[in-house]
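Protein chains: 2
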Amino acid sequence: MTDPAVPRHNLRIDGKRLWDSLMSMAEIGATPKGGVRRLTLTEVDKRGRDRFRALCEAAGLTVRVDAIGNMFARREGRDPARQPVLFGSHLDSQPSGGKFDGALGVMAGLEVMRSLNDLGIVTEAPVELVNWTDEEGSRFGHSLMGSGVWAGVYELDHARALTDPEGISVGAALDGIGYNGDAPAAAFPADAYFELHIEQGPILEREGKTIGIVTGAQAQVWYDAVVIGQDSHAGTTPPSTRKDALVGAARIIDLVDRMMRARGEDGRGTVGQLVVLPNSRNVIPGEVRFSVEFRHPDETEIDRIDAQFPREAGFIARDCGVKLELTRLFRIPAQPFDPDCVALVRQATEQLGYTAREIVSGAGHDAVYVARHVPTAMIFTPCKDGLSHNEAEEIKPEEAEAGGQVLFSAVLARANRVV
Amino acid sequence: MTDPAVPRHNLRIDGKRLWDSLMSMAEIGATPKGGVRRLTLTEVDKRGRDRFRALCEAAGLTVRVDAIGNMFARREGRDPARQPVLFGSHLDSQPSGGKFDGALGVMAGLEVMRSLNDLGIVTEAPVELVNWTDEEGSRFGHSLMGSGVWAGVYELDHARALTDPEGISVGAALDGIGYNGDAPAAAFPADAYFELHIEQGPILEREGKTIGIVTGAQAQVWYDAVVIGQDSHAGTTPPSTRKDALVGAARIIDLVDRMMRARGEDGRGTVGQLVVLPNSRNVIPGEVRFSVEFRHPDETEIDRIDAQFPREAGFIARDCGVKLELTRLFRIPAQPFDPDCVALVRQATEQLGYTAREIVSGAGHDAVYVARHVPTAMIFTPCKDGLSHNEAEEIKPEEAEAGGQVLFSAVLARANRVV
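Chains D and G, in that order, give the protein sequences. So the first sequence is numbered by our numbering: it starts at 1 and just counts up by one. So the second sequence is numbered by our numbering: it starts at 1 and just counts up by one.
Don't read these hints as lab results, they were simulated from the structure. For every residue, glycine included, the Cβ atom is placed at its ideal position computed from N, Cα and C. The reader is advised that the hints may include incorrect statements.
Unchecked claim - Below, in silico cross-link-like pairs of lysine-lysine (BS3-like), each with a Cα-Cα straight-line distance of 30 Å or less:
#	chain 1	residue 1	chain 2	residue 2
1	D	Lys16	D	Lys323
2	G	Lys323	G	Lys33
3	D	Lys243	G	Lys384
4	D	Lys33	D	Lys16
5	D	Lys16	D	Lys243
6	D	Lys396	G	Lys243
7	G	Lys323	G	Lys46
8	G	Lys46	G	Lys384
9	G	Lys16	D	Lys243
10	D	Lys16	D	Lys396
11	G	Lys16	D	Lys33
12	D	Lys323	G	Lys46
13	D	Lys384	G	Lys33
14	G	Lys46	D	Lys384
15	D	Lys33	G	Lys46
16	D	Lys33	D	Lys323
17	G	Lys16	D	Lys323
18	G	Lys243	G	Lys16
19	G	Lys33	G	Lys396
20	D	Lys243	G	Lys46
Unchecked claim - Far from chain D, by Cβ distances over 10 Å, these chain G residues were calculated:
#	residue
21	Pro80
22	Ile168
23	Leu174
24	Pro202
25	Thr355
26	Glu394
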């Protein structure tokens, strides 16, 4: 008899079956350029959910749906008193999304369940595979909605009242596709949560690592900036009287980049969105509106940035003779993952012999909100050229298999641990 | 008997009549915010033209229209062998334009004619007041169209085939409002051209000068720039692998400003239009498209800029790991005005006792094209806060009168000069 606390790394998932299930799910909402458009709570999402439910039920799982549409597919364990080990991700996509963002974690979770069945394993604790609603936020403007409501970050009523550009509410959309579930949309006691996801960045690929052992999520601070100058004629206005909002904005963009680079490879600082008014060749811009965000694994660096950036950006604006209105939209604290859960991922990776590195998640993930209530860890796998949120998103079958295998081993170890 | 070669500066225009005629013209196409929308060759422009023609005919002038819609209102001189002295500007406006841009030069020209009548003056040379078609270029995308065709800068057929966003051609629009004239749209021999215009910049107001003696128009070079980087996730992409097109663009915008300022108060360098792709908060910009223009009174400075800017912008792009595609759209040579005509403006200004300074036109004007064929000068008057192409454009009645008075004196001196 084997010791249930020791993961048995000769137990293998079926990599080909995992890949086939990924390719099959990618047919739902497939785009001509090889990507996926499976916007949350649409008819296409319903087809993905229906397929997922059918596959779960065929694997003997019991599916329940909560009031924000999160789906939980449960496999009972030997000990009914134990809290479940959760794992999963999301099946919704960006408008021009890829085949693997979210779907990898869900379909690999299904493969974990199928492999447990094949291997005749009854875990000590029950296990539950989750499909979180609306991770992407593309339709209703609110990312991590399902996990956010579940974790109590957002009120259920607030989330259900959000509307898409056509005025359809989340509540109406849930009713429309039949996923307005009976289960309460609130955190329940759980033993752990594991999420496998593509990295959505270039680090693992560049370093030739198969697995990213995710130790936590970055702290973030986001701002809206408006630089106000004075529209005037580009040909007649001399340098001394110009109040060029775009020159001011340009120097603040440069500041964001320099502040990022001063913090080395862990720094993140981005101006992603920028609009110029009146945006005419012949007119000195009178107003520029743009977004600013900084991220760092170390929260004290975000504290420093949040003190330094508004001050230095203000100096630049003053030097340029323009006015800066800076609004801090939000700060997200760093979210370290649970050391025991992270250790299980590390242990599985080592015992399976995969190359790996520790990594901090730069993107937001459902796991970040779940981690507020449940011991959590994430597993990253590489993606080609670091591309995601893009129809060209690509991973290799062996990368999907490695990620699924680590997920399987970590879940099994956690569900069978001696408590 | 007075010597006709000596301007008689006791001869005065009627400042109140000029202001009333400006306010009356401003009613045609008046906007709620106090500006004017009199787009070229529309029904509103027709009403302005019809009013102008009626006022000219009431003043005893003979109006002819050429094949691009330019209107010439002629007052005969004593000597039929002499070439006419031309003066005028344009009655069309920007979509949200002001009451004075163009209209000042035309209505002041009418006041010159009326004052000649009142004073019983028969000039030696004939005089002609011009309303050039489509100076603004807002409707058909081609500024200085009427004067450009007249001067041979553009082909008549090319201009008549241009279409507005609704697909209506210049030719059809001319027919539609009845201003497809019989006269050839081509330069004819003329003795001089004078144009009074608001400065559209802040220099005269700032220095407290009543009159700008315009010595010429700036040389210009215009570029289209495209910076190409790589879209990627703002949270996951580390500094070393970023190819941020907006950071590259920002540093090139800073370069444009620095190159302008290195040339002192005569320098002009502007990025007026800029678009970011994909323009999402969360995505490092993969592409930025923007306009660049430089102007300088001294053509050799534009030569230097045209050598320096592409090279230095290329260095910046290389440093930022992005690609720069720079297209030179056009170069406009500096256009010095005729020294004798400029001297007449200077002389009139001095004899009338107005404060004045010499100035180079930063904006394009019909006078710049006319100057290729006819000895030309311009007169500037201040405008409030240097604002133009804006409904808030404003001048004072005494400023209009001073400009009109200088125009009258210069025209009279030129038309009566001994040849």
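Indices of hints not satisfied (ascending): 1, 2, 5, 7, 9, 11, 12, 13, 14, 15, 16, 17, 18, 20 and 24
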